[in-house]
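> From first to last, the protein sequence lines stand for chains A and B.
So the mapping is simple: the working numbering equals the position in the first sequence, first residue as 1, plus 66.
So the mapping is simple: the working numbering equals the position in the second sequence, first residue as 1, plus 1.
Hints are computed from structural coordinates only; laboratory data are not their basis.
Backbone N, C-alpha and C define an ideal beta-carbon position, used for all residues, glycine too.
The reader is advised that the hints may include incorrect statements.
[What the hints assert, rightly or not] Computed list of lysine-lysine pairs in DSSO-like fashion (alpha-carbon distance at most 30 angstroms, straight line): (1) Lys166(A) with Lys111(B); (2) Lys246(B) with Lys122(B); (3) Lys87(A) with Lys246(B); (4) Lys122(B) with Lys87(A); (5) Lys154(A) with Lys79(A); (6) Lys246(B) with Lys96(B); (7) Lys166(A) with Lys87(A); (8) Lys83(B) with Lys111(B); (9) Lys96(B) with Lys111(B); (10) Lys122(B) with Lys154(A); (11) Lys170(A) with Lys154(A); (12) Lys154(A) with Lys166(A).
[Unchecked claim] Where chain A lies over chain B, by a calculated footprint (3+ residues, C-beta under 8 angstroms): (13) 34 to 47; (14) 50 to 61; (15) 198 to 208.
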Amino acid sequence: MARVAVTVPASAKRGEVIEIKTLAAHVMETGFRRTQTGELLPRDIITDFVCTYNGVEVFRAELHQAVAANPLIAFTTVATESGTLEFKWTGDNGYVATHKAELKIV
Amino acid sequence: MRAAALFLAAFCACTQAGEIPLAERRSGYEFMGRETRAMQDDDTTNPALFALLDGETLWNRADGAAGRACAACHGDAAQSMKGVAARYPAIVGAKPLNLEQRINACRVEKQRAAAFAYESKELLALTAYVARQSRGLPIAIEANDTTRPFIDAGRALYERRQGQLNLACSQCHDDNWGRSLAGTPIPQAHPTGYPIYRLEWQAMGSLERRLRNCMIGARAEPYAYGSPEMVELELYLMWRARGMKLETPAVRP
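Could you build the full structure based on these sequences and the hints that come with them?
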């Protein structure tokens with residue numbers, strides 16, 4: 067179940083720096099841990115996160131094993147025009163999560 | 002060597018401080034770093050958010066042979082569950098039940114469904130969702146003729162030395178709170194925000210899980226989940242934190 071929570075201001079002034087906060091529900095299993103019987107727990111992590119603003123990439127992150135479970139990614143961008151912010155997380159075992167948010171310039 | 006001796010002298014000097022005066026009690030929140038506090042304060046960055054959403058789904062989902070959801074009897078949790086978590090563990094019949102046990106009792110008796118396992122995602126989610134409705138309300142455990150024997154039993158366990166390290170809960174949390182243990186601040190052990198999202202666990206966990214952690218740390222054999230001793234200890238700790246505000250779901254380091 068790919069679930070995410072994204073916080074984007076509903077509106078902003080042109081040229082304003084806006085903060086975007088994202089949270090994705092994910093175990094981020096490192097692949098280094100073992101069970102009590104010694105079996106290795108296979109790696110299961112989010113590997114990439116991308117945010118596009120009206121189709122233009124404004125933020126990208128590569129995630130690795132050291133990132134905590136339920137990764138919180140917060141970043142800023144400049145509000146240039148009204149439009150859509152699209153978020154995409156991809157990871158091991160075919161994990162994909164997407165989210166869209168509308169931003170209005172006032 | 003000299004430093005160790007000084008530390009030991011200082012440690013011994015401040016033992017037997019006794020119970021913390023009501024006005025000096027502080028939530029574990031106040032011992033956390035700025036970033037962790039910010040994480041808890043903002044509902045959109047508190048990772049317990051997903052447990053709350055799961056809990057809401059479970060609350061509204063028909064389950065068991067009775068085919069009834071929690072909401073079918075209790076309606077809107079925001080109304081019906083407000084203040085409930087502040088009163089638990091509560092005496093039901095002749096013994097105290099914690100919130101998890103109360104939820105499971107309802108599942109078995111009313112929904113005729115199987116009880117959720119302790120620390121299962123479902124039980125933590127539903128407990129967090131129910132307890133969330135009491136956020137900001139003062140803990141309301143009263144010492145009266147019914148509760149006093151169990152509170153006293155919990156207090157006795159809290160003050161009893163246990164494990165290979167021969168430590169009582171009170172030696173850290175009453176006598177040495179605010180000092181450091183291996184670089185980590187020792188809080189006063191007030192259960193104000195359970196179930197919590199603990200960064201060390203990378204997951205949600207109950208007060209019993211946290212208590213078992215401390216017992217294992219003192220190299221004692223921890224009591225089983227749901228055992229009478231655990232619930233009595235929980236009841237004592239909640240009584241000890243009476244009047245403090247619930248923060249559920251709290252974030253702890």
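> For a quick check of understanding: which of the numbered hints are violated here, in increasing order?
1
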